[in-house]
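**Q** Listed below, chain by chain, are the residues.
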Amino acid sequence: MDILTALLQGLPGFGGMSDQGLFITGAAVMATLMFTVMALCAIVFTWMERKVAGFIQSRYGPMRTGRWHGWAQAVADMLKILGKEDIIPAEADKGLFVFAPLVVLLGSLLAWVAVPWAPGFVAADLDLGLFFIFAASSMVVIGILMAGWASNNKWALYGAARGAAQMVSYEIPLALATIPVIMHVGSLNTQDIVIAQQGGIWHWFILRDPFLFVAFWMYFIASIAETNRGPFDMPETESELVAGYHTEYTGMRFAFFFLAEYANLFLVSLIAVFVFLGGWWSPIPGLDFAPALTFVIKGILMVFLNMWVRWTLPRVRVDQLMYLCWKVMIPVTLLCIVGSGILMITSGAVG
Amino acid sequence: MSQQLVERLQREFGDRILAATGMHGDESVTVSRQDLPLVLAHLRDQEGCEQLSDIVGVDHPERAARFEVVYLLRSYSKRHRIQVSVDAPEDEPVPTACGLYRSANWHEREVYDLFGIPFSGHPDLRRILCHHQFEGHALRKDYPIEQGQECTRPENLFSDEDIAHAARRANEMSSSPGAVVDELHPSDLLTINLGPSHPATHGALRAECLLDGETILDARTEIGYIHRCFEKEAEDHTWAQVMPYTDRLNYCSAMLNNSIYAMAVEKMFGVEATPRAQAIRVIVSELSRIIDHLVCVCTNLVDLGALTNYWYLYNVRESIYQSLEKLCGSRLTTNYARIGGMSHDLYDGFEDEIRVKLQELEQGVTDVTKLVARNRIFLDRTVGVGAISTADALNWGYTGPCLRATGLAWDLRKEAPYSGYDQYEFDIPTGTNGDTQDRIMVRMAEMVQSRRIIEQVLQKIPGGPVDLDDPRMVLPPKAQVYGSIEGVMNQFKLIFEGIQVPAGRGYGFGEGANGELGFYCISDGTGHPYRMKVRPPCFPIFSSFTSLVQGRMLPDAIATLGSLNIIAGELDR
Amino acid sequence: MFERFIPVLLVLGVAGAFSGVFLAISFLLGPRRPDALKDSTYECGIPARGSIQIRFFVRFFLVALFFLLFDLEAVFLYPWVVLYKGLLASGAGGFALTEMGVFLLVLLTGFLYVWKKGGLEWQ
Chain A
1 MDILTALLQG LPGFGGMSDQ GLFITGAAVM ATLMFTVMAL CAIVFTWMER KVAGFIQSRY
61 GPMRTGRWHG WAQAVADMLK ILGKEDIIPA EADKGLFVFA PLVVLLGSLL AWVAVPWAPG
121 FVAADLDLGL FFIFAASSMV VIGILMAGWA SNNKWALYGA ARGAAQMVSY EIPLALATIP
181 VIMHVGSLNT QDIVIAQQGG IWHWFILRDP FLFVAFWMYF IASIAETNRG PFDMPETESE
241 LVAGYHTEYT GMRFAFFFLA EYANLFLVSL IAVFVFLGGW WSPIPGLDFA PALTFVIKGI
301 LMVFLNMWVR WTLPRVRVDQ LMYLCWKVMI PVTLLCIVGS GILMITSGAV G
Chain B
1 MSQQLVERLQ REFGDRILAA TGMHGDESVT VSRQDLPLVL AHLRDQEGCE QLSDIVGVDH
61 PERAARFEVV YLLRSYSKRH RIQVSVDAPE DEPVPTACGL YRSANWHERE VYDLFGIPFS
121 GHPDLRRILC HHQFEGHALR KDYPIEQGQE CTRPENLFSD EDIAHAARRA NEMSSSPGAV
181 VDELHPSDLL TINLGPSHPA THGALRAECL LDGETILDAR TEIGYIHRCF EKEAEDHTWA
241 QVMPYTDRLN YCSAMLNNSI YAMAVEKMFG VEATPRAQAI RVIVSELSRI IDHLVCVCTN
301 LVDLGALTNY WYLYNVRESI YQSLEKLCGS RLTTNYARIG GMSHDLYDGF EDEIRVKLQE
361 LEQGVTDVTK LVARNRIFLD RTVGVGAIST ADALNWGYTG PCLRATGLAW DLRKEAPYSG
421 YDQYEFDIPT GTNGDTQDRI MVRMAEMVQS RRIIEQVLQK IPGGPVDLDD PRMVLPPKAQ
481 VYGSIEGVMN QFKLIFEGIQ VPAGRGYGFG EGANGELGFY CISDGTGHPY RMKVRPPCFP
541 IFSSFTSLVQ GRMLPDAIAT LGSLNIIAGE LDR
Chain C
1 MFERFIPVLL VLGVAGAFSG VFLAISFLLG PRRPDALKDS TYECGIPARG SIQIRFFVRF
61 FLVALFFLLF DLEAVFLYPW VVLYKGLLAS GAGGFALTEM GVFLLVLLTG FLYVWKKGGL
121 EWQ
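Chains as they are written, first to last, in my numbering: chain A, 1 to 351; chain B, 1 to 573; chain C, 1 to 123.
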């Protein structure tokens, strides 16, 4: 934000602007940028998902559209979806049905505001940063419930009910797993969290102490569940619930769910990066040439890991999913908090 | 062995055994309708006939007792089989066998549906293959085959009373004091249709589930969506013309259907195919079995959410299909076997090609085994899911991999060897619990055994002619047709009048990919089958679906359905 | 204080606007040929029966309740966690940890009670 304001100040025509004007202009630019990045990442990640799935499944994935490895396939799909009919079932609750995809999309987008891309480069430098991210992304649950309920379709209802149960449950280990990190940082501000990890790979929180290491994996599992992806794709479960909560959706509205899924996927990966994996810092101290690029590359690697898991494991059953969350992950994350707190005292390490 | 059984029956029941025949090794006794339950109970309890394989209805419009109902029984412990037939005048009920054999339920419904023979005491005598709006009985000889009927209205499988009853029963079962669950009202239950158009049904079939949350309180199935009355079609065609229709039964393993059908008709003649034809049949049958198992295992794993395994195995399937296409010109509808031989010989280089592909298969099976065999999620999803005991499985009419998964090492290729299966060494893989995991693993192991068999056949495949030298069923060589009057006449008669199968009846069967595939043929010597009854292995298996999923969760039902390998083509015929 | 949230509102506005534009484009480009069959609810090819607005499976409500409890707990943890490092530096780390330990213990007791009662069982 500060960098952007400074940049704008240097531009002709912006020099005479008041600080407030600059701030708002900067924020507007940032917001547009954010939306573009999100739309772009959805497109890039759908392509990447197909290629990764293809690679894992010993096939090629898209190869034709755009010549080079079918790079334009996702773009073509988006264009095609623009021209699709928007069907609203006669039995549906129209108002809720129409707004549900927007709620899901905005919910996942809103959280992006607090992502620290590079030193000083964050759309909203909030003191509550991490907290805000979790709060905003939980809006997605409401959207999914709305979609399932409004469709007036039994499969959609099941998808939505499962989705809601799953996402609210996994939000707890997700949030609890980050608490040991915050203990070490002493702040919820996302910039502060990254700054606290300066000094090479050994200062990244994942390797600070054994409890943090466990907490990272707890976070990773919970984040897969939070994004509704395999092996935890309960709300969709293609082979069980047809298409889950978005069974009745078509065209652009369906695409919004799709966009949101990938936006969310990248978001949770980026959170993993800036909370546990050193954010924009490179693994070797002193080699921090392109912080934003480092950050994004780490994010993409996390996305890859997520895809790898999705294409390797079978799907769990809904009761097993709940078992894992309530009886394994919540106790373990609580243990991590206590353990990490004790370690901090005994080692006398402050910072 | 079966002959002694008939003698024992005659000693036991005396005059009440009205007749006993033994044609082509199929022992059959005739009893009166009143004695039927008694005889069946005796056979089940004293003679070890654990399984009612099939019930065949036959229409004889010229007879006083118009219908005949034949019960096909098999003993697994004493390794014999017997047919019991009763006469049934029109509109006079036959006592049901449902109390003795659970498989009788659907078989009797089928006979009722297609012949209109009522069964007294049957708990649920409704149509099964034809639509509930359908009028008439298609397999009666006087049913006009040109008559089309439009049946469009879907049926609710659960009535409101059924739902209320299920709610009451659920309340009774969960009435433990202090439980968190409160009383269920009928309006709390949701009926949901799994199929006919659902990603997990792999074919048009329907299961209406009555759900309390995620738990299936009850499920009812409806089949017949792609019923085309194969058996009626067969009666309207010559014996040779039936061959392509058998492709469409189990479209995943058409070669097996072809071979077993050809074998059944050859049995009516009392002949066997040439050694080379038999060897070719074994090869293509085993390839078909591999393909069928691949389809089942892959789609089952996809239903469980493990999509990647699908590709590891489907590439192999594709590769085998390429060879089959090269061999007979088509992938699914192969139409390769002929009565008395094969359509043509193998092409040059077939053997080497298949060897390479079997190598790929082994690789694929190994990869997938590594991915799933010890995977915690896979085991949690499949162990104990849809489990059935051996005794229940036999009573329900299970055969094939689903039966072997319960731990019974029974394979018709070993028990009643045909096509020279006794010359090859192979094992019968079995499971222990009869659950979804066992069914998947048994199929995986069977693919490896099939490979073993094919390798042995390829090693010592006999030379010589493919077709029998028998003018009754095999077309003469072209040189003869053009060069001699006998040749022309022979060709002419076989083409125009069809193969004249001698009058009589016979039950030809073999180990299909899903279990015992049998053709019960009756010939009146006119050149058309008088009656052709198929015993599709998945029909009785699917009838047990409800009992497998009751009280379990929706995802379990899907895992179970996939592992039973229900092929709508042979289920509905 | 609150001006930091201005970007949040802006993002909301921009995203809403973009979504609106996309919907408008698809509205203009896409065909609209509704018919009774197309607009009917999908239930695998069989006309849907009954209402979906039923008393739904009680498990889901229990999960919602537990979520509320534990999420509130997490909310209580956050301020403590933020201050923990400071307290540690000022030598009150042991006290802070004990304090939170007591809080977690109370929570854990409830958690174990629910567990024992079978509230976490799905079926």
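Do not rely on the hints blindly, as some may be mistaken.
Derived DSSO-like pairs: lysine-lysine, alpha-carbon spacing no greater than 27 Å straight-line [stated by the list, open to error]: (1) A:Lys-80 / C:Lys-117; (2) A:Lys-94 / A:Lys-80; (3) A:Lys-51 / A:Lys-80; (4) B:Lys-232 / A:Lys-51; (5) C:Lys-116 / A:Lys-327; (6) B:Lys-478 / B:Lys-326; (7) A:Lys-94 / A:Lys-84; (8) B:Lys-478 / B:Lys-493; (9) B:Lys-326 / B:Lys-78; (10) B:Lys-232 / B:Lys-141; (11) B:Lys-326 / B:Lys-414; (12) A:Lys-84 / C:Lys-117; (13) B:Lys-414 / B:Lys-460; (14) A:Lys-327 / C:Lys-38; (15) B:Lys-370 / B:Lys-141; (16) B:Lys-478 / B:Lys-232; (17) C:Lys-116 / A:Lys-94; (18) A:Lys-51 / A:Lys-84.
Since the hints were derived computationally from the structure, they do not count as laboratory data.
**Q** Decide, hint by hint, whether the structure agrees.
**A** Status of each hint after checking the structure:
no.: 1; hint: A:Lys-80 / C:Lys-117; result: violated, 53 Å
no.: 2; hint: A:Lys-94 / A:Lys-80; result: holds, 24 Å
no.: 3; hint: A:Lys-51 / A:Lys-80; result: holds, 20 Å
no.: 4; hint: B:Lys-232 / A:Lys-51; result: violated, 50 Å
no.: 5; hint: C:Lys-116 / A:Lys-327; result: holds, 11 Å
no.: 6; hint: B:Lys-478 / B:Lys-326; result: holds, 23 Å
no.: 7; hint: A:Lys-94 / A:Lys-84; result: holds, 19 Å
no.: 8; hint: B:Lys-478 / B:Lys-493; result: holds, 15 Å
no.: 9; hint: B:Lys-326 / B:Lys-78; result: violated, 44 Å
no.: 10; hint: B:Lys-232 / B:Lys-141; result: holds, 9 Å
no.: 11; hint: B:Lys-326 / B:Lys-414; result: violated, 30 Å
no.: 12; hint: A:Lys-84 / C:Lys-117; result: violated, 51 Å
no.: 13; hint: B:Lys-414 / B:Lys-460; result: holds, 19 Å
no.: 14; hint: A:Lys-327 / C:Lys-38; result: violated, 44 Å
no.: 15; hint: B:Lys-370 / B:Lys-141; result: violated, 55 Å
no.: 16; hint: B:Lys-478 / B:Lys-232; result: violated, 33 Å
no.: 17; hint: C:Lys-116 / A:Lys-94; result: violated, 43 Å
no.: 18; hint: A:Lys-51 / A:Lys-84; result: holds, 25 Å
Taken one by one, the earlier hints fail for this structure at numbers 1, 4, 9, 11, 12, 14, 15, 16, 17, listed in ascending order.
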